[in-house]
Amino acid sequence: MTSIAERPPAGVRRPLFRRRSAIPGFGLTLGVTLAILSTVVLIPLFAVALKAGQQSPAEFLADAFSQRAMAAYRLSFGAAFIAAAINALFGLVTAWALVRYEFPFKGLVNAIIDLPFALPTAVAGIALASLYAENGWVGALVKPLGWKVAYTPLGVVVALAFIGLPFVVRTVEPVLRDLSADVEEAAASLGANRLQTLVRVILPALAPAWLTGFALAFARGIGEYGSVIFIAGNMPYKSEIAPLLIIIELEEYKYAGAAAIAVTMLGASFLMLFVINLIQAWARRRA
Amino acid sequence: MSRRPANAEPALVQAGVLAVMAAFLALVLILPMATVFYEALRKGLGPALEAVQNPDAVSAIKLTLITAAITVPFNAVFGVCAAWAVAKHEFPGKSFLITLIDLPFSVSPVVAGLIYVLIFGAQGWFGEWLIDHDIKIIFALPGIALATIFVTFPFVARELIPLMQEQGVDEEEAAVSLGASGLRTFWSVTAPNIRWGLLYGVLLCNARAMGEFGAVSVVSGHIRGLTNTMPLHVEILYNEYDFVGAFSVAALLCGLAIVTLALKTLLEILQPQTRRPGH
Amino acid sequence: MTISIQSVAKSFGRFPALNGVSLEIADGELLALLGPSGSGKTTLLRAIAGLEFPEAGQILFDGQDMTQVSAAARRVGFVFQQYALFRHMTVARNIAFGLEVRKGAGKPSKAVIQDRVEHLLKLVELEGLGGRYPSQLSGGQRQRVALARALAVDPSVLLLDEPFGALDATVRKSLRKELRRIHDATGVTTIFVTHDQEEALELADRVAILNLGVIQQVGTPAEVHDAPANAFVCGFVGEANRIEGEVQAGRFSAGDIVVPAPGVANGAATAFIRPHELTRAKTGAGGLRLTAERITPQGPVLHVEARTADGRRLEAAFARAGGLGFGVGDQVEVAVERAHVFGA
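Protein chains in written order, with the numbering used here: chain A, 956 to 1242; chain B, 3 to 281; chain C, 91 to 434.
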């Protein structure tokens, strides 16, 4: 019999990389994406690692972990952590108010939360510096208490609190909004009081988003430069942040030293990115 | 006794929460903004206007606009390409690619500037070659544009990818099965569905591009009237204790931020799904 | 147009969606692809449309190899499960889209397009709704728009993916008749995917039943219902009591239930008895003795859930006319008119 059904099947055409898609343009758009991503981001980032790698390990360690650099890391990471914690607290309160309560100028408050995304960091920097300086509106207010904000590590915290605020609010807000009321009503019907419901039902449900917001704010704070340098004081060992140290090294033409600190900070950034991805994977599993 | 639903707090607690929020937002957001305008107008409108009309300020404004005009379209095209590849097709390593696209948000702006200095600077990989051929990248517009592209790189892509994933591929498949070409499918079917999301990404990208400080500060060289962008001009005036000048230019940038936020709010009304935690 | 599918294979990752499927579809035929979810029926439909590309095998339209031809060049009409209407275009623009994207000489004039749109709106009974947007239509109306849009390009074959899946029961029934009417009016070769056997049997000229990426049987509705090729088809098409038992010398037995099983090899086997193939037997005539547990009216028949003496559950359907003459808890004797027995 010579029926067509008995012809040998056509050769298996399995594309090496992906299955063929009905929607055109994949090769072109992925090609453009990878080309731009490589030239603008990946290769330059690789270059800095290479530059740092040109030194001997001892030189690298001496540059990356000098006493001055260590002090700068301590300030950058410590202030970013404290600022993120402040944002976690007040960001949660703000998100709660935005989702649950009605109040005057709510639309305006909602819009202004994103100000740190829209306002150039240098503008934020000089504004915060003059506001929290000893003769500034707030600085003068807290001076009698013996507090000095601007030109101290506390000023760094204030600047990073400004920068990080939207991260917490905008990650917690949608989760809080989607949290259905019947869960709380169920808790209440089972005899839980308001505080118990909050602590045992609502906060655990918010935890992944809350932690993500904290981590995002922290990660942003580590590398922040523009808003900080005006208020920080920039005293070596005291109020000098790590990104500033890179610039100082550069200005002294110590390229390898700058690269060493940059690589250390990049390492921290990648670690944070990894942690954030872990938190989000955890959140997805729980969802 | 007043009745309140099971999922509401007592009025006193509500008032407390609102008061804490108001105080915090005032300290961190509202007062700083008010300071900018107060300091700018401290000596009246005249000096403020003079400061922004100063030739150096004008050239800084021009450079900022040129930088944005290069950066934003570049990243918009990149964002659309990346979103089309990622959201409309299946391939291995997709989520890794998305992480790589997001990477610049995790990198300190100063490091972003540094990497280009290490490549194109006088001591960098291509330094000698560039000097030989009399091409200036660092301490010139190309460097400023590159550094700005880096820090604003993910804005459009991360706005479009989730939006286009959510919209699925049905409409595109329908268009293709009706005989439409790829380009036609994009313009007639996809583009109308993503226009608000695209605008949203462009808006945020633009705000950051015009306001970028750290990365640009490293590559610009701070040459007055030549390679100073608006934020860098603000810094210089501030460091020279010309506070009225610094805050006057800052007020312009503040105005930009306010316009950005207003348009952003408008877009969120037009396309509700655009709102998501961003940068 | 005839369509010939030859040994088509397609997998997603490690999951084989189509495992060497061959099928011939005649010109002007209305064919149903029936199967449970994950059976590969939608993948097969999308492969015919050019929305998926098989790893092996061929798809021929009128003898011409189309396997690697893009969807845009195939001229098929595809109706998506969720309709995939262009949400920012009016109904009329949706329908006109396939004509408007044509290039050069093939592109009809505006007047021709408008005429065609009017004609199609009339065909799907949506006259006057051309200016609406998809969001302003009901589910059934969207379905019709999707159908009109697919027909606008004068497709060589009309493909529908679960065309009634997203609709409620009453709309579904009326649209079913509508599809048949439109098919008969246009004469276009039509293939639709469904998991609903009732829909497939009622609407199609022929039904192809898929399971696990393999075609189990192709035939007219009567053939697949009355002469199922295997246990899967028998269980999937129509209602049936499924009884596990054993075949010895051409007889299937499972406790009290004994039915002839000519040609079935000795050993474990499964018998399928359709409820209407159990009939009342005279008491004492040696029939199967059942105890009725629940009786529910279903249209012209009464549905009886019953149990055999050894505890097996059986369902039977008796004509309602004249009454049953027994109630819940009563015993009744039945005869097995017909059974389908398949060896393990």
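Calculated from the structure, these hints are not laboratory results. Treat the hints with care, since some could be wrong.
To be clear about the criterion: a stretch of chain C counts as covered by chain B if any three or more of its residues have a C-beta under 8 Å from a C-beta of chain B, and this derived list gives those stretches [as the list claims (entries may be wrong)]: (1) 163–169; (2) 186–196; (3) 218–227; (4) 334–343.
One-sided excerpt, in silico: chain A residues whose CB lies under 8 Å from chain B [what the hints assert, rightly or not]: (5) Lys-1006; (6) Gly-1008; (7) Leu-1074; (8) Met-1220; (9) Gly-1222; (10) Met-1227; (11) Val-1230.
Here are the computed lysine-lysine pairs in the DSSO-like style, where the Cα-Cα straight-line distance is at most 30 Å [what the hints assert, rightly or not]: (12) A:Lys-1193 / A:Lys-1209; (13) A:Lys-1209 / A:Lys-1103; (14) C:Lys-212 / C:Lys-193; (15) A:Lys-1103 / B:Lys-45; (16) A:Lys-1098 / B:Lys-96; (17) B:Lys-138 / B:Lys-45; (18) A:Lys-1193 / A:Lys-1098; (19) C:Lys-212 / C:Lys-263; (20) A:Lys-1209 / B:Lys-138.
C-beta: ideal position from N, C-alpha, C; glycine also.
To see whether the hints hold, each was checked on the structure:
Using a Cβ-Cβ cut-off of 8 Å, 6 residues of the segment 163–169 of chain C lie near chain B, which meets the minimum of three, so the contact claim holds. Here the segment 186–196 of chain C counts 4 residues with a CB under 8 Å from a CB of chain B, which clears the bar of 3, and the coverage holds. Coverage of the segment 218–227 of chain C by chain B is violated in this model, with 0 residues showing a Cβ closer than 8 Å to a Cβ of that chain against a need of three. Here's how the segment 334–343 of chain C fares: 0 of its residues keep a CB closer than 8 Å to some CB of chain B, so the rule of at least three is not met and the hint is violated.
Look at Lys-1006 of chain A: its Cβ gets to within about 5 Å of chain B, closer than 8 Å, so that hint holds up. The beta carbon of Gly-1008 of chain A comes no nearer than 12 Å to any beta carbon in chain B, farther than 8 Å, and the hint placing it at the interface is violated. Look at Leu-1074 of chain A: its Cβ gets to within about 4 Å of chain B, closer than 8 Å, so that hint holds up. Given the 8 Å rule on beta carbons, the hint for Met-1220 of chain A holds: about 6 Å separates it from the nearest Cβ of chain B.
The beta carbon of Gly-1222 of chain A is not positioned within 8 Å of any beta carbon in chain B (closest approach about 11 Å), and the interface hint is therefore violated. Of the supplied interface hints, the one on Met-1227 of chain A holds, with its beta-carbon coming within about 6 Å of a beta-carbon of chain B, less than 8 Å. For Val-1230 of chain A, the interface hint is violated, since its Cβ never comes within 8 Å of a Cβ in chain B; the closest pair sits about 11 Å apart. For the proposed pair Lys-1193 of chain A and Lys-1209 of chain A, the alpha carbon gap of about 22 Å is at most 30 Å, so the pair holds.
The straight-line distance between the Cα atoms of Lys-1209 of chain A and Lys-1103 of chain A is roughly 34 Å, outside the 30 Å bound, and the hint therefore fails. Restraint check for Lys-212 of chain C and Lys-193 of chain C: the C-alpha separation of about 27 Å stays at or below 30 Å, so the hint holds. For the given pair, Lys-1103 of chain A sits about 27 Å from Lys-45 of chain B by alpha-carbon distance, which is consistent with the 30 Å threshold. Note on Lys-1098 of chain A and Lys-96 of chain B: the hinted pairing is violated, with a Cα-Cα distance of about 54 Å set against a maximum of 30 Å.
The suggested pairing of Lys-138 of chain B with Lys-45 of chain B is violated, with an alpha-carbon distance near 40 Å, which exceeds 30 Å. For the hint linking Lys-1193 of chain A to Lys-1098 of chain A, the alpha-carbon distance of about 20 Å falls within 30 Å, and the restraint holds. Taking the CA atoms of Lys-212 of chain C and Lys-263 of chain C, the gap is about 20 Å. The hint holds against a cut of 30 Å. About 21 Å separates the Cα atoms of Lys-1209 of chain A and Lys-138 of chain B, which keeps this hinted pair within 30 Å; it holds.
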